[in-house]
Every structure is written in structure tokens, then in C-alpha cells.
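Please build the complete structure, drawing on both the sequences and the hints.
Here is what each chain is made of, one letter per residue.
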Amino acid sequence: MITLASDFGSPYPAAMKGVILSATDARLVDVSHDLPRQDVRAAAFWTRETLPYFPPAVHLVVVDPGVGTDRAAVVGRVGDHAFVGPDNGVLRPVARRIAAETDADPEWFEYEYDDPASTTFHGRDVFAPAAAAVHDVGADAVESLSAVVPLPDEEVCDLRFPTATVDGDAARGEVLVVDDFGNAITNVPGEFLGGRTGETVSANGTDAPVETAYAAVEPGERLVTVGSHGYVECGVNRGRGDEAFGLAPGDDVRFRFQS
Amino acid sequence: MITLASDFGSPYPAAMKGVILSATDARLVDVSHDLPRQDVRAAAFWTRETLPYFPPAVHLVVVDPGVGTDRAAVVGRVGDHAFVGPDNGVLRPVARRIAAETDADPEWFEYEYDDPASTTFHGRDVFAPAAAAVHDVGADAVESLSAVVPLPDEEVCDLRFPTATVDGDAARGEVLVVDDFGNAITNVPGEFLGGRTGETVSANGTDAPVETAYAAVEPGERLVTVGSHGYVECGVNRGRGDEAFGLAPGDDVRFRFQS
Amino acid sequence: MITLASDFGSPYPAAMKGVILSATDARLVDVSHDLPRQDVRAAAFWTRETLPYFPPAVHLVVVDPGVGTDRAAVVGRVGDHAFVGPDNGVLRPVARRIAAETDADPEWFEYEYDDPASTTFHGRDVFAPAAAAVHDVGADAVESLSAVVPLPDEEVCDLRFPTATVDGDAARGEVLVVDDFGNAITNVPGEFLGGRTGETVSANGTDAPVETAYAAVEPGERLVTVGSHGYVECGVNRGRGDEAFGLAPGDDVRFRFQS
Numbered sequence: 001m002i003t004l005a006s007d008f009g010s011p012y013p014a015a016m017k018g019v020i021l022s023a024t025d026a027r028l029v030d031v032s033h034d035l036p037r038q039d040v041r042a043a044a045f046w047t048r049e050t051l052p053y054f055p056p057a058v059h060l061v062v063v064d065p066g067v068g069t070d071r072a073a074v075v076g077r078v079g080d081h082a083f084v085g086p087d088n089g090v091l092r093p094v095a096r097r098i099a100a101e102t103d104a105d106p107e108w109f110e111y112e113y114d115d116p117a118s119t120t121f122h123g124r125d126v127f128a129p130a131a132a133a134v135h136d137v138g139a140d141a142v143e144s145l146s147a148v149v150p151l152p153d154e155e156v157c158d159l160r161f162p163t164a165t166v167d168g169d170a171a172r173g174e175v176l177v178v179d180d181f182g183n184a185i186t187n188v189p190g191e192f193l194g195g196r197t198g199e200t201v202s203a204n205g206t207d208a209p210v211e212t213a214y215a216a217v218e219p220g221e222r223l224v225t226v227g228s229h230g231y232v233e234c235g236v237n238r239g240r241g242d243e244a245f246g247l248a249p250g251d252d253v254r255f256r257f258q259s
Numbered sequence: 001m002i003t004l005a006s007d008f009g010s011p012y013p014a015a016m017k018g019v020i021l022s023a024t025d026a027r028l029v030d031v032s033h034d035l036p037r038q039d040v041r042a043a044a045f046w047t048r049e050t051l052p053y054f055p056p057a058v059h060l061v062v063v064d065p066g067v068g069t070d071r072a073a074v075v076g077r078v079g080d081h082a083f084v085g086p087d088n089g090v091l092r093p094v095a096r097r098i099a100a101e102t103d104a105d106p107e108w109f110e111y112e113y114d115d116p117a118s119t120t121f122h123g124r125d126v127f128a129p130a131a132a133a134v135h136d137v138g139a140d141a142v143e144s145l146s147a148v149v150p151l152p153d154e155e156v157c158d159l160r161f162p163t164a165t166v167d168g169d170a171a172r173g174e175v176l177v178v179d180d181f182g183n184a185i186t187n188v189p190g191e192f193l194g195g196r197t198g199e200t201v202s203a204n205g206t207d208a209p210v211e212t213a214y215a216a217v218e219p220g221e222r223l224v225t226v227g228s229h230g231y232v233e234c235g236v237n238r239g240r241g242d243e244a245f246g247l248a249p250g251d252d253v254r255f256r257f258q259s
Numbered sequence: 001m002i003t004l005a006s007d008f009g010s011p012y013p014a015a016m017k018g019v020i021l022s023a024t025d026a027r028l029v030d031v032s033h034d035l036p037r038q039d040v041r042a043a044a045f046w047t048r049e050t051l052p053y054f055p056p057a058v059h060l061v062v063v064d065p066g067v068g069t070d071r072a073a074v075v076g077r078v079g080d081h082a083f084v085g086p087d088n089g090v091l092r093p094v095a096r097r098i099a100a101e102t103d104a105d106p107e108w109f110e111y112e113y114d115d116p117a118s119t120t121f122h123g124r125d126v127f128a129p130a131a132a133a134v135h136d137v138g139a140d141a142v143e144s145l146s147a148v149v150p151l152p153d154e155e156v157c158d159l160r161f162p163t164a165t166v167d168g169d170a171a172r173g174e175v176l177v178v179d180d181f182g183n184a185i186t187n188v189p190g191e192f193l194g195g196r197t198g199e200t201v202s203a204n205g206t207d208a209p210v211e212t213a214y215a216a217v218e219p220g221e222r223l224v225t226v227g228s229h230g231y232v233e234c235g236v237n238r239g240r241g242d243e244a245f246g247l248a249p250g251d252d253v254r255f256r257f258q259s
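Chains as they are written, first to last, in the working numbering: chain S, 1 to 259; chain F, 1 to 259; chain G, 1 to 259.
Simulated restraints, written as ranges between beta carbons of each label pair:
| no. | chain 1 | residue 1 | chain 2 | residue 2 | range |
| --- | --- | --- | --- | --- | --- |
| 1 | G | D103 | S | Y113 | 27 to 37 Å |
| 2 | S | E154 | F | P150 | 51 to 61 Å |
| 3 | F | G138 | S | P219 | 35 to 45 Å |
| 4 | S | F257 | F | G250 | 33 to 43 Å |
| 5 | S | E154 | G | D252 | 46 to 56 Å |
| 6 | G | D114 | S | D80 | 50 to 60 Å |
| 7 | F | G250 | G | E143 | 49 to 59 Å |
| 8 | F | R254 | G | T102 | 49 to 59 Å |
Calculated from the model, a selection of chain G residues having no Cβ within reach of chain S, i.e. all distances over 10 Å:
| no. | residue |
| --- | --- |
| 9 | A23 |
| 10 | D39 |
| 11 | G66 |
| 12 | D115 |
| 13 | T163 |
| 14 | D169 |
| 15 | R222 |
| 16 | A248 |
| 17 | S259 |
Hints listed in this document are in silico derivations from the structure and should not be mistaken for laboratory results. Model, not experiment: these values are computed from the prediction. Beta carbons are placed, not taken as given, at the ideal position from N, Cα and C, and that holds for glycine.
Structure, rendered in C-alpha cells:
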């Protein structure tokens, strides 16, 4: 199985699929091709939150604003999972997450390539062939590929999400992403809201009740909840939380319970 | 085969796919993840108009504004088809349609769950595992699942589309949905236009010819036609009928032939 | 394998998939259902640039503004590849491309149909069944289908992209399409920029450097590059080239190197 994630929209992913299917009969599963464009951190977030649910697979992740520069292509391995993508940190958070869940250590390899057919579409010309090649030998035999060179962990570009601070009735964090429903997903751990359903909390000065279901408030009304990723989210029942709270990815956010 | 329909956009459907593929090797087919957001009636319309074309499958439909409340999860069965989704009526019209076409009776079951990992993403934590479980035992053995309890038909939430009235040269109905092309699809049966191609009909006072092809009028010009669902639609050749006729889902619409 | 390309958005492609899967168990691969709406030339461009990467398959392409008129349905064959779609030229460029790459000649057939269930959705009622039928007999046995009649090449609707003119430091061409990143892709061959990386070129009077990577300029800055299709493209690093250069599909564009 090869999963595909990118910010390519349509129809560039089809060229990647064609290249892969010309090389292997792997099952293909689209994760998303609408990841926030050129946003490596958002791609790292969404792949960390979706790929661990998959059975062992080769995970191709191409959000690559550095395409055509000298950034390397990397292959990662965590247990039976393999990852293929640019060396810009995008693969790190998901690899760490799966490593933590499976008690395995991530291993990294540079995937060497030269003179691809294009300088602007390495998804098609570098990463898709790499994913097919990794799939064909299997995650446990990545080393057998001649294009692959082991990379020490410290030489692989890293990416870490900022850490929130929680202090009793108050928390400070950051909006990591806004999902397609408009929920502003922060890095504040859900435990901050633990057991306080029905209380009022403010987010950057905007008050809203803590709820466990969107429908606990009237349509159009704000709420603060623990999202499916385990983080505090700012939402609106049948509406967009980002707009109602005035929050965008990267914004600082301060929560405070009324007392 | 498991079909997937939701209003999740991207990339939440990937988490559902990962969960399913970790439990079963069923073939997955995306029906849509761009159903009108939180719109149970539109989801019921589009699934009724697409799922009956599929061979027997487990149809997962998650448009679920009540997620996290005490609304039940249900499993339906009509012949060899099974359905999994929230008990908000979304599965009823497609089940009735397939029942009518196959002369089978829909049967319903509650799918019991408790304490899913999240209160906001039952697609991942409740419905995806349910769909995989139903797929694994097969539609004819839904009863063998321990999480499943038979539900009398009258205890399952229902959803019916409004009925139009046709009286000779006039019809009154409602816009059910607007498709991605901008066609305003009403609940007025296509028979209302039967045999009157070329005549002029008004829709809420806006005149347009009855045609059987968009290209029968010039680009940018309005027409009224029988759509692929068998209903009267208001469209524009290479343009958006909803804008040209001033129609949105839920709007009342009155058609009248000029005489 | 059957690939699917259309301008249907969502969820109409699902009805096509259901029809196909009710007739055959072919592997389905979505190429795109977000091709520029009703834009036959853009569909011809994108299918030419993606389908040749696939292994032999039946390629279903439905961008069909003439649906419901008397335009024919056609089946094409080039070596082991087959094509199914409306006779509006959309299949011609990809067939020519694959023919050139494989040294095979395209062959064409009319696919006869009458009285489909709808006049507005031949994707579901004509082309999907045709693709399934072609898949089942195989590209080499298209003639065995009773619905199929050989068509002389000159009777098949043609579509050719305009040709650019290059004269030393200057080139005149046209914007063929704008991709989802906002790159304005012209018909000027990439050779026009050959070896002149770092020089300044103007596009309709707007200056930009020639670069081989978007990231060679600062975020928000313009560049001119050779895109992955081999044509000159006008882009912006992490932004939209179409807006920054004021270019839209169909626009004439003049490039001139400063001297």
C-alpha cells in the first residue's frame, strides 16, 4: 500500500499515480492533495494525525516549497512503515508519533537522484519513483536500493510544533491549523479543558462555553472543545470558528477561564 | 466494497480510511467528501442519487451535525446493501430507493458504542470501525455483530423530501440542492416538462425555454430541463443556473408555462 | 485499469463509478474531476500531460459541453491504451502524444448509443457503460463490441493547441492553462529559456528573472521557469503567477529578454 499526500490540488497527483502504477501494482490510497499549499508545518500536522491510523504502508508526502533547490530527498522507516518525501521536516512528526506508538526508532536515508525530467515537479520525477521502489523492496529492505544512503538522525531536517503553556485557569498556545470546517486547532492540550464542560472560557478575549459536542450550542454559536486530535479547538456549531474567534494558523492564542 | 460519503472535505476522510484498512482489506470507493456541509437533507439526496448505481456494498455515510450528542449510530440493510451512519435520517431515502428497486424491505439496527476516543469525530472512532465490522461479517450477517441491536422501523429517524404539486401548466415545488455546475435541482417531477421542448416556462417569474441539452441555448443563456435525477432543473449553458434564476437550496419555486 | 477524468466536481463521478463497478471489477483511478469546467481545451491539455504516465488502461474523459446534442461518443485506441469520451476533440492530443511515444497509430471508433436514461448526464448513462465494455473486451478487441463502428481519422473532431513563435530573444504564444498553484502555463517551448537562468525576461511587459526553482526568488516574487510540461510558465514563489503577471487562459503572451 502506498498513501499519497500533497498540496498539489488537481490534476498533478494523477501524474504521480501514473508513474507509480507503471512501476508497481501497489494499492494507492489518497490521504489528501489539498493540504495547505506550501505549508510544511500544516502538512506535518495533518500527516501526523492521519497516517498512524493506516496499516503498514509506504507514505508519500510531497509538500515541497524547495523543489528544484539542493534540498535532499529522504526515505524514513519506522517499524513496517516507510516514508518518502523532501528533507524539509515534513516527515518528522509522523515518524515520531508512530515511533512512540510502536516503540520503534525512526531510521533515515537520503534518496539520491540527479537530473530529474523537471526542476519543478519532483513529486512526479523523484518522489513517485522512489515510493514505488521502496514499496517494491519493502520497508525492511530499504537499504537494498542503490539510490539510498543511510543518514544520521541529526542530519535530517527537523520540525517541531511549538509547545503550549498551561497554568491552572490559563493557557497560552498557538493556532496550528484551521480545518475544512473552520475549527481553529491549537496546540493547547485538551486536558486544559478537562471536566469543565459548561464553564465559560475566553480565547483572546472572546467568550465561549466549553462543550463536548458542536450541537450543544445553537447553530451559529461559538464553543471551545477538545478536538479529535486531543487539542483545544475553537469552533462554531454549523459555522466557522476561525472567523468567529478571529484566529488563523500561526496566531498566538490565550485561553482563560472566568472565575 | 465499502463506499464513503461525508462532508469532511480534506484530510479527515483519510483517518477513516486508515481505520478501515487497518481492520479489513475491503475495496474503498469515495463517493464524495464534499457533500454540502452539515446538510443532512442534501446528503440524503446525493446518496440516494448515487449509491443505487453501485453493486452490493457497505455504504458509509457521515454527515453528522449531531456528533457527540446522544443520537444513535445505525446500520441499515436492504438486500445485499448495508448502510452505516448516524441516526439522523440521512440513510433513509437511499434505503427506500434501493428497496423500491429491488423489492426488498429495509431493516435497521442500532450500533451500540461507548466512549469513543473523541466526541467530535465519530466518523473515525465509531462509524469507520462499524463499517469495517459490517463488511467483515457481510450484510446478511449483521445480526451476528455483538454491538448490533435490531431497531423497529418506526424508531429510526426518518427524512422525506417535500412533494411538489403539479397542476396542468403550473407546478410548485422547492429547490432540493444546487449541484457543482450551479444547476438548481427542484423536486418537481420531470414529467411536468414532458414533450414541451422549445416552449417557454417561467420559474419564479424568470422566463426560460424548455430544452433537453444545455447547448441548445447560447453560452450564458438560461434553460429549464429535466436533470439526470428526473427532476426539473434550472440551469445556464456554461454558467450557473442558481445565480441566473436567483435560487438556493430550500427556496420555493413556482413554474408556469406561458399560454 | 480504468482512469477517470471529468469536470464534474462532486458527487456526480460517484454515479459513473457505481455504473462501472456494477459491470466490471476493473481498478479505478481518479485522474481529476476538477478539470476546468466545460473547457475542452484545458481537459485536452491536462489529459495529455497526465495519462501517458499510466500503464495501458481505458481512459474515460468526460468534459462534454455538448451533452444531449447530436455529438457522437467515440472510442480511441493507441497501442494498449483505449480512450472513451465525447467526439469534441478532447481525446485527440493525448492520443497523439501516446502515439508519438509508442510509434503506434491512433484508431477511432464511434460508440453508438440511443435513448440514454438522461439527456444531461452521458457520463453516467453512455460513457461509463462504454468504458466498462471496452475494459471487458480489452483494447485490442474494441471491434468486437456491437456498439462500435470504425471511424476514419478525418471524421473525428480534432483539437490542436496553438503554436508559439520563437525568434531569438523574443517569443509570442498563448496561456494554455493556469494550474492550481496559479502558474500560467504557456505554449512557448522551454527551449526559449535554455541556459539563460538568472537573466531577466519580460512577459507582456512585466519583468521577472529566469529561474529553475520557485524558491530561487523570495516568497511573493515573480519568476519565469520551464514547467514540468516543458513549457514556459509564469509563476510566483509561494504565490499565484496568474495574478502577478495578469495572465488568464487564452491570453496572448509576449516574452522578451532584456539586452
